[in-house]
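Chemist: Chain by chain, the residues:
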Amino acid sequence: MIHVDPGTAGLIMLGAFLIGLISGLPVAFALGIAAVICTLLFWGAPGLYSLVYQTFDVMNSFVLVAIPLFIFMAMIVDKAGIAGDMFNAAYEWAGPARGGLAIGVVIICTILAACTGIVGGAVSAMGIIALPRMLERGYDRNIATGSILAGGTLGQLIPPSVAMILYASQSAVSVGALFAAGVCAGVILSALFITYIGVRSFFQTDLCPALPIEERVTWREKITSFRHLILPLVLIVLVLGSIFLGIATPTEAAGVGAVGALFCAIVRHRLNWKILHDSIIATVGICTMIGWIILGAACFSMTFIVAGGKELVWNLFSIMPGGSWTILALMLFILLILGMLIDAPAIIMVTVPLFSPVVGQTGIDVLWFALLFMVMLQIGWISPPFGESLFYLKGVTPSSITLTDLYKASIPFVGLQLIGLAIFVIWPESTLWLPHILFK
Amino acid sequence: MCKWVAKALNIVDALSEYTGRVAAYLIIPLTFIVVFEVVARYGFHAPTKWSLPLSQFLFGAHFVLSGAYGILHRFHVRVDLFLNWLPGRTKIAYSLLLSCFSLLFFGVLMAWSADVSWTATVTGRRITESLAIPLWPYMWTLPTACFLMILAEGALFARNMAALLDRGTR
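Heads up: the protein sequence lines correspond to chains A and B, in order.
My numbering puts the last residue of the first sequence at 440; the count rises by one with no breaks.
My numbering puts the last residue of the second sequence at 610; the count rises by one with no breaks.
Check the hints yourself; a few may be wrong.
Said to hold, decoys possible - Quick list of in silico lysine to aspartate or glutamate cross-link-like pairs, DMTMM-like style, CA-CA up to 20 angstroms:
#1 A:LYS394 with B:ASP555
#2 A:LYS274 with B:GLU457
#3 A:LYS310 with A:ASP5
#4 A:LYS222 with A:ASP85
#5 A:LYS394 with A:ASP405
#6 B:LYS531 with B:ASP520
Claimed, not checked - Away from chain B, derived, C-beta distances all over 12 angstroms, residues of chain A:
#7 THR8
#8 GLY15
#9 ASP206
#10 PRO209
#11 ARG220
#12 PRO321
#13 VAL358
It should be emphasised that the hints constitute simulated quantities derived from the structure, not laboratory data.
Quick reminder that beta carbons are idealized off the backbone N, C-alpha and C, glycines included.
Starting from the given sequences, assemble the full structure and let the hints guide the process.
Modeler: Printed below as a string of structure tokens:
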């Protein structure tokens, strides 16, 4: 056991975690082992009991139960091919307009984001279904891949969002209020993406050509394909409506949503044992990954806080000149960097317990901060070089599209997200009006 | 690698695979219980006492027990900044070192959580005063999961070690 002052102890912990992270250990275990080693250093073996209690605490959390249920729902929507049906509808409706398919991708991603709480699913689904058809039609590569990348990140912001549930579990912000703010922010960003694609394809006529006349379908067929959108929309209204109206907790809504997704799949004659089994197995893979990160990060942040990390962070922020705006800017910058490097769950578990007391004391609106936090993580998903969506998409694209192509494609959309961020910062009511109406 | 070691490692792999699949199917009772509670509460105005703790237990067991499955299929995300740049043998040796750290984490978590779970077992700790369901079957999922993860990570370690030695003698 060594005795060090709180500031140094915090720095040692951060160092241990960073070394573990860069070393290539799985993030979950890097957090856990940093907690174990530092606990042994500062308090000796008896201190390890508190790590175990912390772990059991996570396993008993009520809010977090919503996460596997929302992921299960997402996996059913994904495996039952609901995304594919929706893209067919978009193809018929939006194809005749220049840029229509890319705009359709963004709209479908928005709807998918409201059915699922994660980012990866929509990106891979659209990469497989929509990208080849856009490229066949002569769409510009950057617009085609960029629309998928940008649309996919909406899963983080539009509820139900796993990241928001985690955030709420670590702070005093209510899941429902954060969900409501996320709807507004998500719709604004979605509108920005659509406007950008629309304007560019309107002025650059050969950028995203319209479908040739002979491939367009009749109104009758369009209306038939439109019904593919009805069930997912009902599912969304059911899940989000019950949360917003305060009828159900997010966990209950998630359970009902999972059953609703199964029902959608049955109605579409898409449910069989294989799809159900695949959804169950895919769910556990994501849940164990997220769950162990939460466990490792919970151990880490508890040890970090007991070792004096809170004081360290507080001192760091209080020596900043310029008051609350500088603090906000610095926090958002830290989140942007972290977002490029590590997973959203790990970032939330480590930074929220440290940031939220500082935010509370500077008088920044906690809900507004939570929303900006989510937007920063969303930007991290597609920022080169390590944004994870880039790798998800690379995993399903033809080899002619390189990672560098995806970097180029993502940059304008990262710019649009930054414009969105600026809107949310300058005009907080743009996103907070809905939670203020619903949860006052 | 001698034959029986290879065989033992395959058994460990199968163990990780099947415990993961069993854990995966816990999502079904979890969904069922949550929906049952919704129906009972809003449909019949008869909320249950047991659904909440039971759903929390299933949630915990679901992701904890599938940890070894995650190791087997490499689901646990890592930052591959320079691991892939290392030349072949160095990379294997380095992976061995990383495994040691993971094993240490699982080992500590297993030993200390087993101690806590053992205390809960002998004192007969229950969920709450009013609900007489014992807590120990649930608590033992954590040390069990850690044990499975030690086996799974140990299998990776053994294979890497064999690869290293094999290359060395050639």
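Chemist: Within 20 angstroms, alpha carbon to alpha carbon, are A:LYS274 and B:GLU457?
Modeler: holds (17 angstroms)
Chemist: Should the label of A:THR8 as a non-interface residue stand, given a Cβ cut-off of 12 angstroms to chain B?
Modeler: The claim stands: A:THR8 keeps its Cβ more than 12 angstroms from every Cβ of chain B (closest is about 23 angstroms).
Chemist: So if I understand the rule, the pair passes when the alpha-carbon distance is 20 angstroms or less; does A:LYS394 with A:ASP405 pass?
Modeler: Between A:LYS394 and A:ASP405 the Cα gap is close to 10 angstroms, so the pair holds against 20 angstroms.
Chemist: Quick one, are A:LYS222 and A:ASP85 close enough, alpha carbons at most 20 angstroms?
Modeler: holds (12 angstroms)
Chemist: A:LYS394 and B:ASP555 were given as a pair; does the straight-line alpha-carbon distance stay at or below 20 angstroms?
Modeler: Violated - the C-alpha atoms of B:ASP555 and A:LYS394 are around 46 angstroms apart, more than 20 angstroms.
Chemist: Examine each Cβ of chain B, and state whether all of them lie more than 12 angstroms from the Cβ of A:ASP206.
Modeler: holds (39 angstroms)
Chemist: When you look at the beta carbon of A:PRO209, is every beta carbon of chain B farther off than 12 angstroms?
Modeler: holds (39 angstroms)
Chemist: Does A:GLY15 really sit off the interface, with its C-beta more than 12 angstroms from all C-beta atoms of chain B?
Modeler: holds (15 angstroms)
Chemist: Given the hint that B:LYS531 pairs with B:ASP520, test it: the Cα-Cα distance must not exceed 20 angstroms.
Modeler: At roughly 12 angstroms apart (the allowed maximum being 20 angstroms), B:ASP520 and B:LYS531 satisfy the hint.
Chemist: Just to be careful, I want the Cα atoms of A:LYS310 and A:ASP5 compared with a cutoff of 20 angstroms; is the pair within it?
Modeler: holds (13 angstroms)
Chemist: Hey, does A:PRO321 actually stay past 12 angstroms from chain B on C-beta?
Modeler: holds (33 angstroms)
Chemist: Any Cβ of chain B at or closer than 12 angstroms to A:VAL358, or is the non-interface label fine?
Modeler: The claim stands: A:VAL358 keeps its Cβ more than 12 angstroms from every Cβ of chain B (closest is about 26 angstroms).
Checked against the numbered hints given earlier, this structure breaks only hint 1.
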